[in-house]
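On the provided structure of chain A, position chain B as indicated by the hints.
Now for the letters of each chain:
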Amino acid sequence: MAPAAYAQARQTTDERVATSMRFEADDFERRLQRSRIRNTAPDLIIEIQRIGCAIAQERCSSFRFYVIETPEFNASMAPNGMMMINSGLLLRCESEAELAFVMAHEFHHFVDNDSVEMASRIRGANAGGLFIMIGLSVVGAGALGELGYLGAVANALAFSREQERDADMFASSFTNEHGYDSYAGVHLWERLRTEMLASSSEQTRKRFTSGSLFSTHPLTEERIAYLQAQPRLHPEGGGDAVRYRAFIRPHLRQWLEAEISVRDAGAGLALLERLAAPGADMGVIQYARGEIYRYRNNDGDATRALASYTEAVEHADAPPETWRQIGIMQHRVHNSAAADEAFSRYLSLATSAPDRLLIASMMSAAPPAAQPISNAAAP
Amino acid sequence: MWGKAVGRLRASALVVGFWSLALCASAQPIAIGSDFRIQSEHPTVLVMEPDVTVTFLTTGGPEQRADWSQQAETNLTSALMTQLSGVGVQAASYNAAAPESIDTQQAVLLNQAVTNALAAHVAFIDPGSFMGNLPHQKIQPETYTLAETAQQLSPGSTADYAMFLTSHARIESGGVFWTSVMIGAVTGYVPVSTAFRGTYLSLVDMHTGNVVWLKARVMGDPRNPTEAAAIISEILRGGPFQGSIQASANAPQNAR
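Sequence order for the protein chains is A and B.
The first sequence begins at 1283 in the working numbering and counts up one residue at a time.
The second sequence begins at 2 in the working numbering and counts up one residue at a time.
Okay, chain A solo, but in the shape it has when bound (with noise of 0.2 Å):
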């Protein structure tokens, strides 16, 4: 339990409730702190703090960063000061500037008090669509009830597109007065959509194309649309995609390997190409290229995961796991030489990986002498 003191008795219902809010907020953050769901980097958490910083200024101190691993694109702010950013959101920024943007929307519903004014609208909602449906039954209209109380909620979820639209532009005035490009939200925005419209699943394809009376964010169309309509006063500010590359680079692999795990092949291989763009990071994107494929196993799939694994395998971040899947797909055609080729170089760069012994059953020739499997069974 959260070991702030709460007091409720005399406050009222919209205080009680943000009371609780908050309280329920700090309890999840104490556990949150001991969860092997944060990623706790030093590199990723300092500098996502200075950005922060940049944003809330004298009340920095009031705000805690954590970044979460997931793949799910997010990120969130809690009424108690706690901003969490998905590593999904993070591997889908190009710069410093992107990540910026969504920060500072994400601390405008802070400021603006909006999780707990949208729970207010929330319980308005539910008790008002409930006498609703008594009325409505009182004269005989029952079979109506079901739509006053859906009227109370959808109107309560309005006032949740238009938070988000508050916060979208207050981001893009952020990023304007602080040296930012403004239209970094559209970049992102632009991207996610090139995405999930490549997405192998109908219903996220729909998601990001027809809204409707309950949706919580307004339709990425008309984002896009309104924050082009703001001034863009620098085109080029925070815009540097090296520099961010190169921050998210130690954490690369670990977040397409979370994508992977989604298994949503359209919307992974745009990912990749949008990763590929610049060139650099080319044997863990290859890899995860070949992986996407080998999971989705269409036609001729096998075909372009072995070209996948073997462009990756020509650069040095290639993973070692690259030649055991290159070996396991000779290994399935009786390509014995390549696949014991493969396999060896396996062995020899991951020493310590716990499949080294199976790996090795699958050679015909015995294994690198200098990397005896005796040795390999260490975890």
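Certain hints may be false.
Residues from chain B that face chain A, not an exhaustive set, calculated with beta carbons under 8 Å [unchecked claim]:
(1) 60
(2) 61
(3) 106
(4) 113
(5) 117
(6) 118
(7) 149
(8) 180
(9) 182
(10) 183
(11) 185
(12) 187
Quick caveat, the hints were computed from the structure, so don't treat them as lab data.
Please read these numbers as outputs of a predicted model, since none were measured by experiment.
Don't be surprised by glycine CBs; every beta carbon is placed ideally from N, CA and C.
Only chain B this time, still in chain A's reference frame:
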């Protein structure tokens, strides 16, 4: 966004759900290992960080009340420590302010998972066997266990047992009650109340990791100190520490 993150990550909701179902499914207290008795004279017990929530159910929706939750936790913890001491148990409170390692948190979560599995079994699989064994336990008893992970609950601790206090209450507002009455009057159907009050204690052997005892009680308002003491008293009655009381009265030489 924030609400979505909380919803995804807060495992405690599952605990509430499981135990609500398990406890509501029974007309009698749930007890597992009800014949378990600690035979040492002064067993040492580490009381782990309690998991206590009091949720206020209003017509606007549920709200985890901060002040009520804290009051309930204080009342239950205080009653537990006092009553354990009264039966000769050397009880120490877990230091919640001290930094906790990720391994410890994982062990606590494992305990939640194991006790949830017990509740799920009782609620859904075999409601009639609260005091019996799971089917596989007829062959190999006492396999509700955290195994060696239990040692991570408090690395370096010399305690014999770890005790977990879990209490979840959902208290309806007057508005919810009268709304239900109105709905009943208009439609002839009164919505089922989701109000609930349940508390349980469980005991883990720190040497083996086995969950050796678990007992739950439905009802009682933990916000009230007197009722909280009664809840704890009811749960501990006839529990594992009867053996230590007996040992203390009879012979000092008994070893655990």
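Here is what the structure says about each hint:
| no. | hint | in the structure |
| --- | --- | --- |
| 1 | 60 | holds (4 Å) |
| 2 | 61 | holds (3 Å) |
| 3 | 106 | holds (4 Å) |
| 4 | 113 | violated (12 Å) |
| 5 | 117 | violated (17 Å) |
| 6 | 118 | violated (21 Å) |
| 7 | 149 | violated (16 Å) |
| 8 | 180 | holds (6 Å) |
| 9 | 182 | violated (11 Å) |
| 10 | 183 | holds (5 Å) |
| 11 | 185 | violated (10 Å) |
| 12 | 187 | holds (5 Å) |
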